[in-house]
Structure formats: structure tokens, C-alpha cells
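Going line by line, the protein sequences match chains C and B.
Okay, so the first sequence: first residue is 1 according to my numbering, each after it adds one.
Okay, so the second sequence: first residue is 1 according to my numbering, each after it adds one.
These are calculated hints, taken from the structure and not from any lab test.
Certain hints may be false.
Claimed, not checked - Calculated pairs, DSSO-like style, for lysine-lysine (alpha carbon to alpha carbon, straight line, at most 27 Å):
1. Lys79(B) x Lys39(C)
2. Lys74(B) x Lys88(B)
3. Lys192(C) x Lys79(B)
4. Lys88(B) x Lys202(C)
5. Lys79(B) x Lys42(C)
6. Lys88(B) x Lys98(B)
7. Lys93(B) x Lys42(C)
Said to hold, decoys possible - A few chain C residues that don't get close to chain B, going by computed Cβ distances all over 12 Å:
8. Leu64
9. Pro81
10. Gly102
11. Arg110
12. Arg132
13. Pro157
14. Thr178
15. Tyr194
16. Leu238
17. Met246
18. Asn272
19. Pro349
These figures come from a predicted structure and were not determined experimentally.
Glycine included, each C-beta is placed from N, C-alpha and C at the ideal position.
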Amino acid sequence: MTRTASAKRDYSLVGESTRLAIETGLASAEWYHTDVPRKVMKELMQRSDGPAIRDTIIWIAAILGSAGGIVWFWGTWWVVPFLFVYGVLYGSSSDARWHECGHGTAFRTRWMNDAVYHIASFMLMRNPVQWRWSHARHHTDTIIVGRDAEIAVMRPPDLLKAALAFTGILDFRYSLPTLVRQAFGKLSDDEKSYIPEMEQHKAVVAARWHMVVYAATIAAAIALRSWIPLVLIGLPRLYGTWHMVMTGLLQHIGLADNVTDHRLNSRTVYMNPVSRFIYWNMNYHVEHHMFPMVPYHALPKLHELIKHDLPEPNPSMWHAYREVWPVLLRQLKYEDYYLKRELPPTARPYRGEFHEVDMTVAAAK
Amino acid sequence: MAEWVEACAVDDVDEEDVIRFDHAGRTFAIYRSPDDEFFATDGFCTHEKAHLADGLVMDDIIECPKHNGRFNYKTGQAKGAPVCVNLKTYPVKVEAGKVMIDIG
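This is chain C alone, in the form it adopts within the complex (with noise of 0.2 Å):
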């Protein structure tokens, strides 16, 4: 575990910290990769329609099948398992859909990445134009600060934060009052910051169409005098919300951050079959950052060819969360405090003089 100098951070993305990223060369950097044969990346990126569609028509029909035990069984007690079931998949899954139909690599055809993508951001109240290219942004500058705009635990770590984070509650929050204002056609500065102007309208036409199916399930809702249509549209991104934090944010927690080393700030976990369907693999995280164009069903396999490059991953969630726990008190006190994983023998050493960027001397300047 270690400690290095840096400037206190600012996590806006037009504030000090952007000058300095851009300043120290950290911005659009070059990142380090583990060697993999030209040969071998390229049958590992072939993308196939067949996997995606197969989990897509067990995801849809699950999600139909939950739905139908919620209206059959509502105002009963038999609704909980339902409840329990479509929340995570409404509130949860969606995420992993979204981030892997979002790069286009889910599906070899395009227009059925697009479908997914846009239902799942719909799902999870994130405008899919500003999330498309924020996350392109994540991808460009991992955990670099006042650049990286999906940051999920900024330093020092607000805990509580964090924790009321599984309820949703917070992204509700901050989710819906966006989609108004975008609705509205005003974006933040943060977000014309990294969503191009020639893009900028599409945003705002997007947040409308959210608004418009939002305002007819508040209108069914009212019309059949009944909870459920908001209970199926909604408000599950509060209540099925928890599985997605829980993994989501293993991703990069507790990490170093403004490094260009995938290894140093990003989490591989080994987890279950169901979280790893919930979650379509980003568990392989580490590999998915440096080599994004894999698309989830190979992770895998790309694992096995590049693990003696990489930490070991955490044999569990339950494990990582321990690990990660005592970082965050420290890093209460000292905010300059990270998680350093330890390579096996067998990888190639962190670069150590391209990581120890000194921000306080850059500060200075």
C-alpha cells in the first residue's frame, strides 16, 4: 500500500486538476498493455451475434416473467421474489447491457447494439448520448482526475455516500433533475466538456424522448389509479440498484489513481455464475479496460492468456471488499492513500517513473 505527493484534488472537469492532467501529459496518454499476438487479439475480438442474442432472450424473458409475477401477484406478499428478481435486472443488469452494447461489441450487428443500448439507458435514467461519450472519455483517461467524468469514489471517500449508493437513492437524485434539465436543452459545463457540439442537440433530443415515457407512466399510473406502472418503469432504479453498485464499484475503488496502468487502477474479481450473467463479465475488469474491444463473452479467455501480467484477482467479492475497506479509512485522513496490487514474477514491472508524476511540483508551475 502506498502513498504518493499530489495536489488536492479537484474532481471537475474544466477546474485545476483538467490543467494539470493536460498539463503533465496525463490526459490522453499513452497506457501501458500486456504484449498479446497480433493473431491471437484479433480471433479474440471477433464479434458473433449468437451469444448476446441468447443471453438478450433469457434477459428479456426474465424480465417479462418478473414483470407478469408483479401485476399477478401484487398486493400480496408473493410479489417480494418478484420484486427482488426484476429490480436486479431492470436496475442492475441493464448496466452491464448498456456498457457492452455501448462499445458495440455485444452483438456483431450494429442496429441490435443500438436497441439494447438505448433500452438499457433508458432503464437506468442515463442520457445514452452523454453516456456514450463520457464513457468513451472513462476509456481515454481511467481514473484520471478532473478528466475521467465516471469517477464513482472520489478522495477523500465519502462513505455514506457510498453506502446509500446500493439504495439508488443518490443516482435517482442526481439521474432524473439531469434528464429535466437536458430536456430543457441545457447541458452542464462538465458535459460539453467531453460531448462534441455537433452531438450536443442529440443529447438534449434524447432526454425529451425519456421524458415523454416517463410522463405517460406517471399518466398510467394515474389513469388506473395503481402503483404498478411505476413500480415496472422507474422506480426499480432505485430498488434493484444494489447489484450493480456491488459490482460496479469493485471496478476502480481504492485504486491509484492518475496512473496509465490499467493493473494499478483497475479490479479483475472472480465471482458467481449469476453475478457474471447480472454483470456480462465487466468482473474481468482489468482486461476489459486494456483491451475494450474484446467483447464480453471473451473476457475469459482473455484472462487466462494475460493473468501472468496481472494482480491476482480477488478470489471473491467478499475478499475485495475486505481489502478495500481499511484503504478507504485511511484514505479519510489521507487522501493521498491507494491500494498498490502486487504483480506476480512472472509480469512486467509497474513503469514506476511514468506514475510517480509529482503534482505538486506541476501545481506549482
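Once you have looked at the hints, place chain B on chain C.
Okay, now just chain B, sitting in the frame of chain C:
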């Protein structure tokens, strides 16, 4: 004005694949399509500085390895976010087993 340079041998590029070609401080990408034709474009994605030669060729499309932006490598047309600017293409000819591109 035309300036033909030898980029590679025909056999250097697999079918439905791409390789990198550097010349005079510039980087190009040389493609071999599934129907065995050769094409050339600028070597870097127009979105961010990523080598397209590390990307994936699927039919007429080259997909950037960094953010999965897609271009038609025959026309250079950007196919949607996160790429918005078209890719520059170059004339190509094959002579005596060599792939030549006009960088003029």
C-alpha cells in the same frame, strides 16, 4: 501531385485485416478487404490518437481499438459516435506483389 510509395508486400496483410505503415513521419493503415482488395487510410483514428492498425476489420469497417469508433475504410466515412470526423483515404494500387499508396 501523385507520390506513390511502396507500403508493404501483398502477403504482409491477411485477408480482412489491417497493418500499420509509417513513412516520412506519417502513419497510415493498409487494409485488405474480404474480397481481396487493398485500401489505405490515415493511421490514426480521428477521434483520439489511437492506431487503427490495432483495430478490428469487419467487412468494410475498421473499428478503432480505443473507443470502438467505426469507419468505412473504403470511403473513410465515420459511422457514428464517438467518431464524427471522416478518415482520410489514399489511392492504392498493387504492382508486382507490392502494395503502393499515393500519399501525394
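The hints, checked one at a time:
For the given pair, Lys79(B) sits about 26 Å from Lys39(C) by alpha-carbon distance, which is consistent with the 27 Å threshold. Distance restraint check for Lys74(B) and Lys88(B): the Cα-Cα separation of roughly 10 Å lies within the 27 Å cut-off, and the hinted pair is therefore satisfied. In summary, the hint linking Lys192(C) to Lys79(B) is supported, as the alpha carbons are separated by about 22 Å, within the 27 Å threshold. Straight-line distance between C-alpha atoms of Lys88(B) and Lys202(C) comes to about 26 Å, which keeps the hinted pair within the 27 Å bound.
The straight-line distance between the Cα atoms of Lys79(B) and Lys42(C) is roughly 21 Å, inside the 27 Å bound, and the hint therefore holds. Of the supplied pair hints, the one linking Lys88(B) and Lys98(B) holds, its CA atoms being roughly 22 Å apart against a limit of 27 Å. Taking the CA atoms of Lys93(B) and Lys42(C), the gap is about 26 Å. The hint holds against a cut of 27 Å. Annotated as non-interface, Leu64(C) keeps its C-beta farther than 12 Å from every C-beta of chain B; the closest such distance is 30 Å.
The Cβ of Pro81(C) lies farther than 12 Å from every Cβ of chain B, with a closest approach of about 37 Å, so its non-interface assignment holds. Remark: the non-interface label on Gly102(C) conflicts with the geometry, its nearest Cβ contact in chain B lying 8 Å away (cut-off 12 Å). Against the 12 Å criterion, Arg110(C) falls within the reach of chain B, whose nearest CB is about 8 Å from its own CB. The Cβ of Arg132(C) sits about 5 Å from the closest Cβ of chain B, inside the 12 Å cut-off, so the non-interface label is violated.
The claim that Pro157(C) is not at the interface with chain B holds, since no C-beta of that chain comes within 12 Å of its own (minimum 28 Å). In this structure Thr178(C) is separated from chain B by more than 12 Å, as the shortest Cβ-Cβ distance comes to about 19 Å. Not every CB of chain B lies more than 12 Å from the CB of Tyr194(C), the least distance being 10 Å, so the non-interface label is violated. Chain B leaves Leu238(C) outside its interface by the beta-carbon criterion, the shortest separation being 29 Å against a cut-off of 12 Å.
Remark: the non-interface label on Met246(C) is consistent with the geometry, its nearest Cβ contact in chain B lying 27 Å away (cut-off 12 Å). At roughly 28 Å from the closest C-beta of chain B, the C-beta of Asn272(C) stays outside 12 Å, upholding its exclusion from the interface. For Pro349(C), the requirement that its beta carbon stay farther than 12 Å from each beta carbon of chain B is met, with the minimum near 23 Å.
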